[in-house]
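Below are the chains, spelled out letter by letter.
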Amino acid sequence: MNKKKIIVTVIAVWFLIALGRTIYNYTKVFSQDLQWAGLSQKEQKAKTFGDLDSFLRFVDTNTASASSILVVSSNGTLHYLSKYYLYPKHSFFIDNFKDFAKEKDHYLYIALFTDHKQNDVLFLKAAEKLAASPAGEFSTKQSVGLLYKND
Amino acid sequence: MIELVTIFSILLITLIGFTAIQIFHLFEKHGVPEALLLGFGLGCGLVSGQLFLYSVFHVSWSIPALLLPWIAFFIYPLFRRSEKFTLKFSHKQKYTTIQKILIVLVFSLLIYVFFEAQLRTVSAWDAWSIWLLKAKVFYVDGFINPRIFNYLESDYPLVISLSLTFMAKMIGSFNDRVLLLLSFAYYAAESGLLFIALKKRIGLTKALVATFLFMSLQNIVRHGGRFEAGQADLPLGYFMLCDVLLIFEYIRKPNVKILALLTAFLAITTQVKHEGIVFAFIVEIAIFYFALKKKKYKHLLSGLFVVCPVIGWQIFVGSGSFHYSYFSGHHTILSIHKAWNSIIGFMKEFLNIKNWNLLWVAFFGVLLASLRCLKPEQKLLLYFIFSQFFVYFLLYCFTTGNDPQSSIDRLFIHVCALAILFITQGIFQEKGVK
Numbered sequence: 030m031n032k033k034k035i036i037v038t039v040i041a042v043w044f045l046i047a048l049g050r051t052i053y054n055y056t057k058v059f060s061q062d063l064q065w066a067g068l069s070q071k072e073q074k075a076k077t078f079g080d081l082d083s084f085l086r087f088v089d090t091n092t093a094s095a096s097s098i099l100v101v102s103s104n105g106t107l108h109y110l111s112k113y114y115l116y117p118k119h120s121f122f123i124d125n126f127k128d129f130a131k132e133k134d135h136y137l138y139i140a141l142f143t144d145h146k147q148n149d150v151l152f153l154k155a156a157e158k159l160a161a162s163p164a165g166e167f168s169t170k171q172s173v174g175l176l177y178k179n180d
Numbered sequence: 011m012i013e014l015v016t017i018f019s020i021l022l023i024t025l026i027g028f029t030a031i032q033i034f035h036l037f038e039k040h041g042v043p044e045a046l047l048l049g050f051g052l053g054c055g056l057v058s059g060q061l062f063l064y065s066v067f068h069v070s071w072s073i074p075a076l077l078l079p080w081i082a083f084f085i086y087p088l089f090r091r092s093e094k095f096t097l098k099f100s101h102k103q104k105y106t107t108i109q110k111i112l113i114v115l116v117f118s119l120l121i122y123v124f125f126e127a128q129l130r131t132v133s134a135w136d137a138w139s140i141w142l143l144k145a146k147v148f149y150v151d152g153f154i155n156p157r158i159f160n161y162l163e164s165d166y167p168l169v170i171s172l173s174l175t176f177m178a179k180m181i182g183s184f185n186d187r188v189l190l191l192l193s194f195a196y197y198a199a200e201s202g203l204l205f206i207a208l209k210k211r212i213g214l215t216k217a218l219v220a221t222f223l224f225m226s227l228q229n230i231v232r233h234g235g236r237f238e239a240g241q242a243d244l245p246l247g248y249f250m251l252c253d254v255l256l257i258f259e260y261i262r263k264p265n266v267k268i269l270a271l272l273t274a275f276l277a278i279t280t281q282v283k284h285e286g287i288v289f290a291f292i293v294e295i296a297i298f299y300f301a302l303k304k305k306k307y308k309h310l311l312s313g314l315f316v317v318c319p320v321i322g323w324q325i326f327v328g329s330g331s332f333h334y335s336y337f338s339g340h341h342t343i344l345s346i347h348k349a350w351n352s353i354i355g356f357m358k359e360f361l362n363i364k365n366w367n368l369l370w371v372a373f374f375g376v377l378l379a380s381l382r383c384l385k386p387e388q389k390l391l392l393y394f395i396f397s398q399f400f401v402y403f404l405l406y407c408f409t410t411g412n413d414p415q416s417s418i419d420r421l422f423i424h425v426c427a428l429a430i431l432f433i434t435q436g437i438f439q440e441k442g443v444k
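If you're matching them up, the sequences are chains A and B in order. Just so you know, we're using this note's numbering here: the first sequence kicks off at 30 and counts up by one. Just so you know, we're using this note's numbering here: the second sequence kicks off at 11 and counts up by one.
Excised from the complex, chain A in its bound form (with noise of 0.2 Å):
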C-alpha cells in the first residue's frame, strides 16, 4: 500500500469516528443534556458550583452593596468564584491562617467556607477567633459558611 492509501486510510477511519461522535453527541441531548433545559439559571448555577453556589449567594444577601469581604476556604476554588459572584463588592480571598491573623481588621466582613465540616483546620482556627460576632451562617450536608461583620 502506497503512503497516499494510508493516509486516505487513516481520513476514513477519521470520517466514521466523526460521524459516531456526532451520533452519539445527539444521543446524549436526549440521556443527558435535556435535564439542563429544564432548569432556571440559578438551578443551573447550584447544579455547576453546588455548595459553593448557595454559599456565595448567601453572603451576597446578607453584605451591604458596595462592601469589602474577607472569604477564607482551603477551596481554591472561591479565589476567582468570589469575585464573579460578588462584583460590585470586592472578595479577597485568604486560604491560610498566617494570612487571616494579619487580614481579618482590614474587611468590613469576613466570610468562611469548608466543604469538609469535621476536619478543615482552616476553617476551625478561623472561626474559633472570630465567633464574637456572627453576622449569619450557612449550612449543608456537607459545607458550612460563617459570615462574621467587623465593627
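Each hint should be verified, as a subset may be incorrect.
What the hints assert, rightly or not - Restraint ranges, calculated between C-beta atoms of paired labels, are given here:
| id | chain 1 | residue 1 | chain 2 | residue 2 | range |
| --- | --- | --- | --- | --- | --- |
| 1 | A | Thr90 | B | Ile354 | 46 to 54 Å |
| 2 | A | Val42 | B | Lys263 | 33 to 41 Å |
| 3 | B | Lys110 | A | Gln61 | 29 to 37 Å |
| 4 | B | Phe315 | A | Tyr55 | 39 to 47 Å |
| 5 | B | Lys263 | A | Tyr55 | 38 to 46 Å |
| 6 | B | Lys110 | A | Thr169 | 48 to 56 Å |
| 7 | A | His145 | B | Phe237 | 20 to 28 Å |
| 8 | B | Ile295 | A | Tyr55 | 42 to 50 Å |
| 9 | A | Gly67 | B | His284 | 38 to 46 Å |
| 10 | A | Tyr55 | B | Asn155 | 43 to 51 Å |
Unchecked claim - When the alpha-carbon atoms are kept at most 35 Å apart in a straight line, the in silico DSBU-like pairs for lysine-lysine are as follows:
| id | chain 1 | residue 1 | chain 2 | residue 2 |
| --- | --- | --- | --- | --- |
| 11 | B | Lys306 | A | Lys34 |
| 12 | A | Lys127 | A | Lys158 |
| 13 | B | Lys210 | A | Lys33 |
| 14 | B | Lys306 | B | Lys267 |
Since the hints were made in silico from the structure, they are not lab data. Cβ coordinates follow ideal geometry from the N, Cα and C atoms, glycine included.
Once you have looked at the hints, place chain B on chain A.
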C-alpha cells in the same frame, strides 16, 4: 427574547466589521459570505476598540453613544455617489447526493453546538475567572478602570471581554448563559472560513468532508458550546486562521488593501490572548520576508500598526500600577524534568483521540509522506504551526506554573484549523486558488 437580542448583537458586530471591509474595499472580488465571516472578527475588534477608547476619553457607554457612530458608518456608503456597494453572492449550485449528506452533517453539528451553547450557564474555570469576570466588571463599572486589573489579578488583553461587555450592553443585562453564544459564533465563523478556503483549494465535496472533520473535533465542540465555552482559545484559533488566509491572499496579490486588512487582524490577534502576540510576530516575519522579496518596502511599516495596540495596552495597564505580569506568576526555570514532561505532554496530546480524533495522526502522516514535495502554502503552514508549538514548548520547559497537563489541549485549538488546511493540501489535488 433575550436569546434573540443576543443574536442581534452578534449580527450587529458582524455588520460593523462587514461594512468596514466594504467601505474601504479591503476584500474586493470575494464573496459576501467570506466578507461576513471576516467581518465578525473585525467587528469584535472594532467594538472592543470603541469601548476602550470611550473609556480612555471618558465617553459614556450608553447605548445611543455606542450605536450612533456605527449608524453613521452604515449610512455613509449610501451618500457617496461614486461608491459601489455591491453584494456579490455566488451562483446557485446543484448538489450531488453525497454533498447533500455532507451539508446535513455540517449543519447538524452547527445546530447541536448552538443548542448546547444555550443549554447551561458558564462552567469553565478560565471563562468565569478571566473572560466573563472582566466583562462583568466592565459592564457593572461602565468603563475600564486601569486600577481594577490588580483586583482581577490578570493583564490579559481585552477583545474577548469587551466584546462580551458590548453584547451585555445591547442585551441590557449581564446574563452569562446567553453570552456564551459568542463562543458559538466563533465556532461557526471559523468553520465557515475554513470551508470557504478549502472549497477554493480542493473543491466542494472534499471541503465539506474536511469542514465536517474540523467541526466534529470534540475539543472544538466543547469550546464552541459545551462545558468549555466562554474561553478565548477558540476565538484565538479563529483569528489565527484569518491571519493565515489573509497572508496567503497577500502573497498572491501584495496590495495595500489586503495588507491593511491583514494588519488589522494581526492587531486584533495580539489583543485576544498573549499567545496572539507571539503569532502576530511570527506572521509579521513572513510579511517582512515577502515584502522584501517583492520590493514593497513601504509594506514593512505595517508592523508598526501591529505593535501599537500591544504597547498601548501595556501603557494602559501600567497606568493603574499593575503589579502582576505573566512572568511574575511564571518564573523562569531550567529543568530537564520539565523538558521531558513537555515532550511527553505533546506526544500524548498528538495521540489524544478523545480530543482530536485522528487529526494529528493524519497531520504527521501527511507531513512524512509529502516532506519532499511540499506546496508553498504547506511550507508556510508548517512554519506557522511549528513556530507556535515551539513557543508553547519553551514556555512549558522554562517557566514555572506551566505544564502540558493543564493547558495543552487548549493551545492545540489555536492551530488545529491550520493543520486541517495542511492535511487537505497534502492529499488532495489543488484547484489553483483565484
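Practice item. Could you check the hint for me, namely that glycine 67(A) and histidine 284(B) are 38 to 46 Å apart, CB to CB? Key: 40 Å, holds
Check your understanding: Does the Cβ pair tyrosine 55(A), asparagine 155(B) satisfy 43 to 51 Å?
Key -> At roughly 45 Å between Cβ atoms, asparagine 155(B) and tyrosine 55(A) fall inside 43 to 51 Å, so the hint holds.
Practice item. Indicate whether the distance between the beta carbons of lysine 110(B) and threonine 169(A) respects the range 48 to 56 Å. Key: 53 Å, holds
Exercise for review: Starting from the hint 20 to 28 Å, judge whether the C-beta atoms of histidine 145(A) and phenylalanine 237(B) obey it.
Suggested key: With Cβ atoms ~25 Å apart, the hint holds.
Check your understanding: Okay, lysine 263(B) versus tyrosine 55(A) on CB: inside 38 to 46 Å?
Key -> 43 Å, holds
**Study point:** Cβ distance range 42 to 50 Å for isoleucine 295(B) and tyrosine 55(A), holds or violated
**Key:** About 44 Å separates the Cβ atoms of isoleucine 295(B) and tyrosine 55(A), which means 42 to 50 Å holds.
Review point. Hey, lysine 210(B) versus lysine 33(A), does the alpha-carbon distance stay inside 35 Å?
Key: Distance of about 22 Å is within 35 Å: holds.
Review point. Taking the CB of valine 42(A) and the CB of lysine 263(B), does the distance hold inside 33 to 41 Å?
Key: Given a distance of about 39 Å, which is inside 33 to 41 Å, the answer is holds.
Check your understanding: Is lysine 127(A) within 35 Å of lysine 158(A), Cα to Cα?
Key -> Roughly 12 Å between the alpha carbons, so the hint for lysine 127(A) and lysine 158(A) holds.
Practice item. Kindly confirm whether 39 to 47 Å is satisfied by the beta carbon distance between phenylalanine 315(B) and tyrosine 55(A). Key: 45 Å, holds
**Study point:** Straight-line alpha-carbon gap lysine 306(B) to lysine 34(A), limit 35 Å
**Key:** Roughly 43 Å separates the two Cα atoms, so the pair is violated.
Point to revise | Hint check for isoleucine 354(B) and threonine 90(A) - Cβ pair distance inside 46 to 54 Å | key: 48 Å, holds
In this structure, the one hint that does not hold is number 11.
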